[in-house]
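Going down the list, the sequences are from chains X and A.
For the first sequence, this note's numbering begins at 1 and goes up steadily by one.
For the second sequence, this note's numbering begins at 404 and goes up steadily by one.
The hints are simulated quantities; they were obtained by calculation from the structure and are not laboratory data.
Treat the hints with caution; some may be incorrect.
One side of the interface only, derived from the structure: several residues of chain A facing chain X at Cβ under 7 angstroms [unchecked claim]:
hint: 1; residue: 484
hint: 2; residue: 486
hint: 3; residue: 496
hint: 4; residue: 498
hint: 5; residue: 499
hint: 6; residue: 633
hint: 7; residue: 757
hint: 8; residue: 767
hint: 9; residue: 769
hint: 10; residue: 780
hint: 11; residue: 781
hint: 12; residue: 784
hint: 13; residue: 793
hint: 14; residue: 803
Glycine residues also receive a C-beta, built at the ideal position from the N, C-alpha and C atoms.
So the chains spell out like this:
There are 2 protein chains.
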Amino acid sequence: MASRQLAKLDRAHKDAGLHAIAARLRAARARVFEANEQDLARGRAQGLGVALLDRLTMGPQQLEATARAVEHVASLEDPVASRGPARTLPSGLRVYRQRLPLGVIGMVYESRPNVTVDAAALCLKAGNAVLLRGGREAAATNHVLGELLREGARDAGLPEQAVQLIAPGSREEIKELVQLVGLLDLCIPRGGEGLIRFVNEHARVPVISHYKGVCHLYVDEGADVDMARALVLNGKVQRPGVCNALECLLVHAADAPRLLPPLAAALLEAGVELRGCEASRALVPALRAAAPEDYGAEYLDLVLAVKLVEDLDAALDHVERYGSGHSEVICTRDWARAQRWVREVDASCVLVNASSRFNDGGELGLGAEIGISTSKLHAYGPMGLESLTAEKWVVEGDGQVRG
Amino acid sequence: MASRQLAKLDRAHKDAGLHAIAARLRAARARVFEANEQDLARGRAQGLGVALLDRLTMGPQQLEATARAVEHVASLEDPVASRGPARTLPSGLRVYRQRLPLGVIGMVYESRPNVTVDAAALCLKAGNAVLLRGGREAAATNHVLGELLREGARDAGLPEQAVQLIAPGSREEIKELVQLVGLLDLCIPRGGEGLIRFVNEHARVPVISHYKGVCHLYVDEGADVDMARALVLNGKVQRPGVCNALECLLVHAADAPRLLPPLAAALLEAGVELRGCEASRALVPALRAAAPEDYGAEYLDLVLAVKLVEDLDAALDHVERYGSGHSEVICTRDWARAQRWVREVDASCVLVNASSRFNDGGELGLGAEIGISTSKLHAYGPMGLESLTAEKWVVEGDGQVRG
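Only chain X is shown next, with the shape it has when bound in the complex:
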C-alpha cells in the first residue's frame, strides 16, 4: 500500500517529491489557468457571488503562491519518527514517544483550489497518503492540479497513489468515502455547515472538523478604548471572509456608555453594519436592531452583532451558548478576569488583548496549517504537520520482564 511505503520514506525523498510538485505546477501554468477559466465561466453563468469567484480563482499570483507554499512545506522539519523526551524508569527501561504517520487522510473541502495542493503537500510531508475530494465549482482546476500532484510524485519516485483525487459528483461518494473503515484513517472536512454536518452524520472513520468561526470580542469593564478599537477593527474589517474574523462584540453594560460609542463610530466609519441589542441601541441609535438569529451567525461579511452583557459571567455564558469553539477574545486590564477567561472559555484559541485573527497556524509558529480544527480531540485549533501524525510509545530494554 502507498501509505506504508510513504511512512518509511526519509525526509530527503519526501522533500524531493514536494519540489517536483512545485516544478510541475509552474511548468503547467497554462493548463491550470485554462481549467480555472472553465470553472470561473461556469461559476459566473451560475451566478456565483464575487467573494466565491474570488476564492475560486487560480491565476498567476495564486499559482505562484501555491507553488511557494509547497516549497515552504519542504523546508519544514519532518515530524515522522521525531521523538519526545525519554525517561529511564527504575527498571532501567527507556521509554519515549515517537511520531508516526496516520496512514490515509481523506480531505473533503469546498471552493478554494489551492487547498488541493496545500493539503496534499502537508499530508505527504507527514508521510500520509491523501484522498482529495474538492467542491464541484472547482472541478476542472482540481482535476488538473491532481494530475500535476501525481506527476510530481512520480518524477521523484514517490508512490503515485499517494495522492488521489476524487472527482466531485453527488454527496453519495462523500458518504462512501467517510465509511471506508480500515482504509481511511482520518477524514478532515473543511467548509460550510452543510458539509460538516453531512460528514459527521455519516462518518464511520475518525473526523476532525474544520467548522465555522463565530468569534466574539468581549470588552471588559475598565478596558482601554484605543486597544478595544484596534482589536475590533482588525478582527472585523481586515479580512471579513475568514473563519477567525469577529462576528460579535460583547461590551460590559455598566461601562458601555464610555466604551461603545467610540467603537461603534470606528466600525460604522469602516463600513460595518452593526446589529445591536436594545440596550446598545439606546447608547448608539445608529445601530440596527439585532434579530435573535444574529447571535451565533457567521456573517463572513462587514456585519457585526453587538450586545451589552452584565458582567464577565454573562459574557462567558453568551460565548458558551453562541460560540463555535473557534477564537474568543477578551479585552481587559484586569488580571483575574483575564485568567478566568483563559481558564473557562472552551475554544480552540483563547486570546487576551490580541486580535482573533492570530488564530492561524502561520501566526502561531506552526510553519503551515491544513486548517483550524474546531474538534476537541487530537487537535484543537490550527493543525500543522505534527497534527497529521500520531504518537506511539517505544520501550527499550535489555530483557526486562514484569514481576
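On the provided structure of chain X, position chain A as indicated by the hints.
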C-alpha cells in the same frame, strides 16, 4: 450543566470528592458484596466460565483495591489548566497551550465492576462528567457502585450528575448513547470485538477504542536465547487473560534450529499449548498444527501461535497483517534491525528487548490509566489523566493586531 461546573473546579474540590467516594465504598462494603453475590449467582446459573466469574468478583480484596485506586487518583497532579511551554513571538505575543476537560465522556464496557469506579475517578479528576454503561452480567454490582459514586460526589459538594450510570438493557441504548452529538464529547468502548464493532458502527460522537491485543514477539536472527525465553514466558504465562499478553511467537527461520527448541520446551513445561506452522513443527514435533485462524487470534489463555519467518521484513509483514495495533516486541542484538522495528511497526507500544506486559499506564509512569487505546488519534496506548483532556491555544498580548 454538570460538565461546565466540573470544568471550573479546582484540584482540592475534586480530590475531596474522590476521598468521599473512597469512604463511601468502604462504608457500604456490605451492600456491594450483597449485590455482587447476586451477579455471581446469576452468572453461575448462566454457566459463565471461571475466568469471567473471577473478573466479575468484587470481594473485600477487590473493593479495598478499588478504594485505594480512587485515593491514588486523588494523589495525582490535576491535568486541567496545566500549561505547556510558552513561546514569545516576534510580535511580543505570548503563546502556549493549556489543558481543558473534554466535557462528557461515555464509557461502555464489559465485565469487571472496578472499571465503573476507576473510570469515574479518572474522568472526575480530569474535570469531566461521565456516563457509565457497564455489562449486564455486573448490573447489580454496578448499580450499587453508581449510587456510592453519586453519594460520594454529593458528600463533597460536587454536582451529583457528574457521574451517571446507565442500566444495561439491550444494545439499543448503547446506540442512543453514542449518537448524543452535542451532549457526549467522547465515547470509550472497552471490551470484546462485538462491543467495539457495534460502537464504531453506530457512533456519531468521537470514539477511542480499547480493542483487543493480538501481540507478537519476533525473535531475530542471533538473538540471545535466555532473553528470548524470559520475554516469551513473561508475555504468555504471567497473566494470559490480559490484552498485553503475547498471542504469537515469530522466529527467524534460519536461526530457528538454535532458537525454537529451547523456547518451545520452556513454554510446554509452563503448560502452554503451542500451535505452529509446518516449518516450526519440523523442528519441534510437540507443536500442534496451526490453522489459518490461529494467526490473528486473541486467545487470552495458555495458547500461543508460532511461526517461522524468513527475515525482519516478513516479520513486519506478519505484524502488519495480523497485529491489532497493541504491543509488538522484537528480541534482537542488532541495532539497525531494532531501529527498523521501532520506526516501522504501527502499534500503540513498540518494544525492543522488553516484555509486552509493560504496555500499561502504571508501568509506563502515567500513574493510572482508563485503559489502552488502540485508536491512533488523540491517544494511542495507555490513556492517563492527560488523555482525558484537550489542549487549547492561549494567546496573550497587549493589543497586537495582524498586519
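Evaluated hints:
| no. | hint | result |
| --- | --- | --- |
| 1 | 484 | 6 angstroms, holds |
| 2 | 486 | 9 angstroms, violated |
| 3 | 496 | 6 angstroms, holds |
| 4 | 498 | 6 angstroms, holds |
| 5 | 499 | 10 angstroms, violated |
| 6 | 633 | 5 angstroms, holds |
| 7 | 757 | 3 angstroms, holds |
| 8 | 767 | 6 angstroms, holds |
| 9 | 769 | 10 angstroms, violated |
| 10 | 780 | 4 angstroms, holds |
| 11 | 781 | 4 angstroms, holds |
| 12 | 784 | 5 angstroms, holds |
| 13 | 793 | 4 angstroms, holds |
| 14 | 803 | 5 angstroms, holds |
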